[in-house]
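Participant: Here are the chains, one letter per residue:
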Amino acid sequence: MDVPFWNREIETADRSRLETIQLERLRETLSWALKTPFYQKQLRQAKISSADDIRSLADLRKIPFTTKDDLRLNFPRGLLAVDMKDVVRIHSSSGTTGIPTVIYYSKEDINNWADLMARSIFATGASSADVFQNMMTYGMFTGGLGMHYGAERVGMAVIPIGGGNTKRQIKTMKDFRTTVVHVTPSYLLHVHTKLEEFDIKREELALKKAFTGAEPHSEDVRKKIEQLWNIDAYNSYGLSELNGPGVAFECVYKNDMHLWEDGYIVEIIDPDTGEPVRDGDSGEVVLTNLIRRATPMLRYRTRDLAYLHTDPCPCGRTHRRLSRIMGRTDDMLIINGINLFPSQIEEVVMRIPEVATNYIIQVEKRGDLDHLTVKVEIYPKLFLGDPSQLEALKGRITEELRSAIILHPSVELHEPNSLPVSEGKAKRVIDLRPKE
Amino acid sequence: MKLTQISVFLENRKGRLYDVCSLLGKTGINIRALTIAETESFGVLRIVVDKSDLAIQTLRKNNFVANLTDVVAIEVGDKPGGLAEILRVFADNDVNVEYMYGFVEKFSDNALLVFRFEDTDRAAKILADKGVKVVTRREIEGL
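From first to last, the protein sequence lines stand for chains A and B. If you read the first sequence in this note's numbering, its first letter stands for residue 1, the second for the next number, and so on. If you read the second sequence in this note's numbering, its first letter stands for residue 437, the second for the next number, and so on.
Treat the hints as calculated values from the structure; they're not laboratory data.
Some but not every residue of chain B turned toward chain A, in silico, with C-beta under 8 Å:
1) Ser443
2) Phe445
3) Glu447
4) Ala473
5) Thr475
6) Ser477
7) Phe478
8) Asn499
9) Val501
10) Thr505
All of these numbers come straight from a predicted model, not from anything done at the bench. Beta carbons: idealized from backbone N, C-alpha and C, even for Gly.
Turn these sequences into a full structure, and let the hints guide you.
Facilitator: In C-alpha cells form, the structure reads like this:
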C-alpha cells in the first residue's frame, strides 16, 4: 500500500528520539505554565518551581492532573500564559454548570495545530488534489476551524460549508465534485438516506473519503458508512483542551489512530487511582499538550476511556495508536457530535418556575440521528387549567434549552411524581441508543 | 350564576383518563359535563361535577394537577337555531367565548351548554339582563 508522509522524519522517528523531543517540549511547556495563576498554584503545591524540576519523562508523574473543573474555576484568564496581544484565536465551550471553558491560541499555536492536522489528513492519502467539504460546525467549536486550517495547509480545495442543511450539502457535493468530507458518522449516514429524496444518485457524486469524528462510533458503523457510500472512512480524535481535532488520526491502514507523540504526551490511567494501567490495558486517556503556549495543558483528564495498541503499524509510523473511545468516566453524553452534560439541562429546567424538581433526559436513535427528549414534571400550583398556557410553557422550555445546549430537544410535560425515580436517587438519563 | 369547572392536566399515558373518572366515581362524585382539550403530547380534562369542592380536594390529594375555573351553564332551546340565538346575544354585546361544550344530561327540554368567557362577570350580567336562563350551582348539585 502507498503510505504518504507529511513529515516522514518525525512520523517514523524512533522511540528515543520521540522521547527526547517530548522531554524538551514538556520542560518548555512547564515554563509557560508557570506564567499562569492556575499552574503557579497547582505546581507550587507539587513542589515544582521551574523546568529544572522535570529531568526525565518519568518526572511527568510529579505534575498534578488538570481537570475540566479546573478550567471552569479558572475561567476566563487563569490559564492564559501570554499577553492578550499575542492571542490570535479564542475557542470556548458552552458552560456545563453556567461556567464555560476557554482556550487561547497564539499565532504559533495555530501554526503547530494546523501542521499536525495537515499531517493527519495526509496520512489518509488525501492531498492537494482533493475537494474537501468540511461538514463540521464552525464557530466556537474547534472541529470546524481546526480541520479547515489543516486542509488548507495540505492544499485541498476547502468548502467551509459547516454542519446541517442536508439538501445544500448534497447539492454542494455534486456541484463541486467533493472527494473528501469531514463529518460526524451519524450525520453522514443521515445524508445518505436523503439522496433519493433530493433525486441525486450516488454515481453523480465523486466522494472517496470521509474523516469521521466528534462522536464515538463502532467498527460496525464505519463498515456501514463505507458500504453505503462506497468510500473509505477514517476515524479521528481530538478535543479543544488539546487544541481540537488532529490529536490522533487513522492512516491508510485504518487500524486505529496514530496519536502524534511529538505534540502530545499520552498516558492511560486507572480513573479511580490515577495510576498508570499496564501497557495495552484500557483506562482513562490523560494528555499533555506540548505545542501550545497560550493555554498550556498538563496531564489533562479527558474522561475518555480507551487503550493504546502495543504492536507496530505496517505504515511504519512509530507514534502509538489510540483505540476507539469506549466510553466516559463521567456522565457526559455525545449527541450528534455535540457534548452535553445532564447538568446543563438541569440548569435550564430548574430556572423555570412552572417546572417541578424531577426531570428525565432521554436519548434515542431516530433513523441515523440521535434524538433528545427532555421530560419535565409541572409544578401543580402554577397550572391555571389552560392548555395554551402549557403549550406556551413547553415552547419556552424548548427555546431555552435550544439556546443553552445548541441541540433541539423535544419537551414533554408530565404530572408531578410520575417520572421514575430509582433507589431514592433520581436516574436522570435514559440512553436508549444501541450499545456498540 | 357562575359554576365551578375543574381542569385536570393529563399527561400522555395510557389509562390516565380512566384514573380520574374512577377516582371521582369511588368518591361518589357525578360528572355533569365534560370535554377534553388535547394537544399532541398532553391533554386537559374539563369537568363540571355535582360536588366540586370535594372533587378538587380528592384530585389534589391523589396527586392530580387540577385547577378551578369559573364557567356559566346556559339552557339553550333544543331546536334548530337554538344555539345561534344565544351566540347572537354574545356577538351583539361584544362578549368573547373562549370555549364551550355540552352537558351529559339535561333537566328540561332544553339543551345545557357550558361556556367559558373571557370576562365571566360581564357575560353573566348581560345574560341576566337579557333574561337568559342560566343553571345555578344548586341545580347542578341536585341534577
